[in-house]
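Chain by chain, the residues run as shown.
Protein chains: 2
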Amino acid sequence: MTTQQLHEQILQKKSFLCVGLDPDLTKIPQHLLETEDPIFEFNKAIIDSTHDLTVGYKPNTAFFEAYGIKGWMSLQKTINYINENYPDIFTIADAKRGDIGNTSSMYAKAFFEDLNFDSVTVAPYMGKDSVEPFLAFENKHTIMLALTSNEGAFDFQTLNTNGKELYKQVLETSKTWKNSENLMYVVGATKAEYFTEIRKIVPDSFLLVPGIGAQGGSLSEVCKYGMNDKVGLLVNSARAIIYASKGTDFAEKAREEALKVQKEMAEIIGLKFQV
Amino acid sequence: MTTQQLHEQILQKKSFLCVGLDPDLTKIPQHLLETEDPIFEFNKAIIDSTHDLTVGYKPNTAFFEAYGIKGWMSLQKTINYINENYPDIFTIADAKRGDIGNTSSMYAKAFFEDLNFDSVTVAPYMGKDSVEPFLAFENKHTIMLALTSNEGAFDFQTLNTNGKELYKQVLETSKTWKNSENLMYVVGATKAEYFTEIRKIVPDSFLLVPGIGAQGGSLSEVCKYGMNDKVGLLVNSARAIIYASKGTDFAEKAREEALKVQKEMAEIIGLKFQV
Chain E
32 MTTQQLHEQI LQKKSFLCVG LDPDLTKIPQ HLLETEDPIF EFNKAIIDST HDLTVGYKPN
92 TAFFEAYGIK GWMSLQKTIN YINENYPDIF TIADAKRGDI GNTSSMYAKA FFEDLNFDSV
152 TVAPYMGKDS VEPFLAFENK HTIMLALTSN EGAFDFQTLN TNGKELYKQV LETSKTWKNS
212 ENLMYVVGAT KAEYFTEIRK IVPDSFLLVP GIGAQGGSLS EVCKYGMNDK VGLLVNSARA
272 IIYASKGTDF AEKAREEALK VQKEMAEIIG LKFQV
Chain R
32 MTTQQLHEQI LQKKSFLCVG LDPDLTKIPQ HLLETEDPIF EFNKAIIDST HDLTVGYKPN
92 TAFFEAYGIK GWMSLQKTIN YINENYPDIF TIADAKRGDI GNTSSMYAKA FFEDLNFDSV
152 TVAPYMGKDS VEPFLAFENK HTIMLALTSN EGAFDFQTLN TNGKELYKQV LETSKTWKNS
212 ENLMYVVGAT KAEYFTEIRK IVPDSFLLVP GIGAQGGSLS EVCKYGMNDK VGLLVNSARA
272 IIYASKGTDF AEKAREEALK VQKEMAEIIG LKFQV
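Which chain is which? The protein sequence lines are E and R, in order.
Here this note's numbering runs 31 ahead of the position in the first sequence, where the first position is 1.
Here this note's numbering runs 31 ahead of the position in the second sequence, where the first position is 1.
Note that these hints are calculated values from the structure, not bench results.
Bear in mind the structure is a predicted one, so any value in this text is a computation, not a measurement.
Treat the hints with care, as some may be off.
Pairs involving identical chains hold if they fit within one copy or between any two copies, as the list cannot separate such chains.
The calculated lysine-lysine pairs, modelled on BS3-like cross-linking and capped at a C-alpha distance of 30 angstroms, are [claimed, not checked]: (1) 255 <-> 140; (2) 303 <-> 44; (3) 195 <-> 291; (4) 303 <-> 75; (5) 209 <-> 58; (6) 75 <-> 284; (7) 277 <-> 140; (8) 195 <-> 294; (9) 195 <-> 277; (10) 171 <-> 277; (11) 303 <-> 206; (12) 101 <-> 44; (13) 261 <-> 58; (14) 101 <-> 58; (15) 108 <-> 206; (16) 291 <-> 101; (17) 75 <-> 255; (18) 108 <-> 255; (19) 45 <-> 277.
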């Protein structure tokens, strides 16, 4: 998928919502545990009930790997299900990968070729040659951590490095890498005031924004400081939507929560883009 | 496994070699491709032929994930094979994981519980709450990236942050985290002169050292500056050992290469520890 196609989908659906798929067997409705693949059944129901309100799904690989081979099979089935039934949806493997060049190439192969995700999240610590193998894939997107939504973000990401915070240095340096037009960035919603500075460095890039909902970030604040003239935001919500109910009505309740967010987004898009 | 047990194994085997398992279907002996699980058969043969010369095996998760579900099954079989047949061996899931707290908990569950590795590599960028969930596991070890062996290490890791390089700040900060005694660190062999400074910050920690062999690091230099009074080093070699031959003699040739390294290590240990 191209960023232009993603932008068009956002205007069409009046939504820049991405639903995080973090399936935890201790949290999903217990009646699903009787099915052969509870994780897939959970994801499938969430996807079917929210696909018209969202532009992206973001399976979090940890929540599949924790269940071993069965979990990896559920991940494969989930991405296949999205690609087959909702091919317009932007898919994100939230994997936070990154290693020396030949290893990153194998990770890129895993997520872009074997599983056929549109994008994957990566960590910047190992620098250029750990990220460029991902960037080499055409019409695939590499979403690099810049400023994350957790407390630990202040341990290293905001350290002063030669007069600027590390995350700003990460953003600036990454722009010099080969095929950097395939980069997007993770910027946490819990730090809305930072978006102004970030937009000075990466005015055109899509930003994946976690931290709305369970982590406490505000959608209107994020949009105020982070939106660009192509929207340029993908706002992720996981727990607040997928765990809206633990009962047999979980998919319906997930839709209700997604709809609340989508309505807020439609209003913001309407005001800004007159669509 | 405790670090004391690891230390004892090192003295007993006169080796601190760790063999990296990076199985690539385009590089493994082609006769193995006729077997049902070429990756597992390759790993098994390498393990059987080198286990008395090494104290650790480090499967690199990228090289399994690239083959999807089949790859993950090969990873599961590989770790099970080591744990069942060579329970004294220290196992490292080279996964470079790290995410917000509840996600890191799931990764820890994946590698420490489901797969039952002794250790896992993690990335520091997201800070304290992304690493502490791993540290909570007793007798499991979390090997955090400090200074890596690749070119990109100089993009961010060596940036000056408040008067010291970022990787030093990472080392210092990590020592304040809960259960930090379960931390080990990745320090690349291609940067031997840095070990002196690193040992001032983490005198007692085990360091996992990639970059010997194919990446050009020198064993004697690393030992000169990096060894502590408990050895404190795990030196990893992958390609130079596992791809020593592409023929049916690959396991034998891998043993020959591992033996060369082990002999050099035995000499160093003999000189320093009189064993």
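Quick rundown of the hints versus the structure:
1. 255 <-> 140: Close neither inside one copy (37 angstroms) nor across copies (39 angstroms); limit 30 angstroms.
2. 303 <-> 44: within (15 angstroms within a copy, 68 angstroms between copies)
3. 195 <-> 291: neither (38 angstroms within a copy, 47 angstroms between copies)
4. 303 <-> 75: So residue 303 and residue 75 fail the 30 angstroms test inside a copy (33 angstroms) and across (60 angstroms) alike.
5. 209 <-> 58: between (42 angstroms within a copy, 27 angstroms between copies)
6. 75 <-> 284: Close inside one copy (14 angstroms), not across copies (49 angstroms); limit 30 angstroms.
7. 277 <-> 140: Classified as between: cross-chain Cα gap 23 angstroms, same-chain 36 angstroms, threshold 30 angstroms.
8. 195 <-> 294: neither (37 angstroms within a copy, 48 angstroms between copies)
9. 195 <-> 277: neither (45 angstroms within a copy, 49 angstroms between copies)
10. 171 <-> 277: neither (35 angstroms within a copy, 34 angstroms between copies)
11. 303 <-> 206: within (27 angstroms within a copy, 48 angstroms between copies)
12. 101 <-> 44: Answer is neither: 34 angstroms inside a copy and 37 angstroms across each miss the 30 angstroms cutoff.
13. 261 <-> 58: So residue 261 and residue 58 fail the 30 angstroms test inside a copy (36 angstroms) and across (44 angstroms) alike.
14. 101 <-> 58: both (18 angstroms within a copy, 28 angstroms between copies)
15. 108 <-> 206: Classified as neither; 35 angstroms inside a copy, 41 angstroms across copies.
16. 291 <-> 101: Intra 33 angstroms, inter 40 angstroms, cutoff 30 angstroms: neither.
17. 75 <-> 255: neither (33 angstroms within a copy, 56 angstroms between copies)
18. 108 <-> 255: neither (37 angstroms within a copy, 51 angstroms between copies)
19. 45 <-> 277: Within one copy, since 28 angstroms is at most 30 angstroms while 55 angstroms is not.
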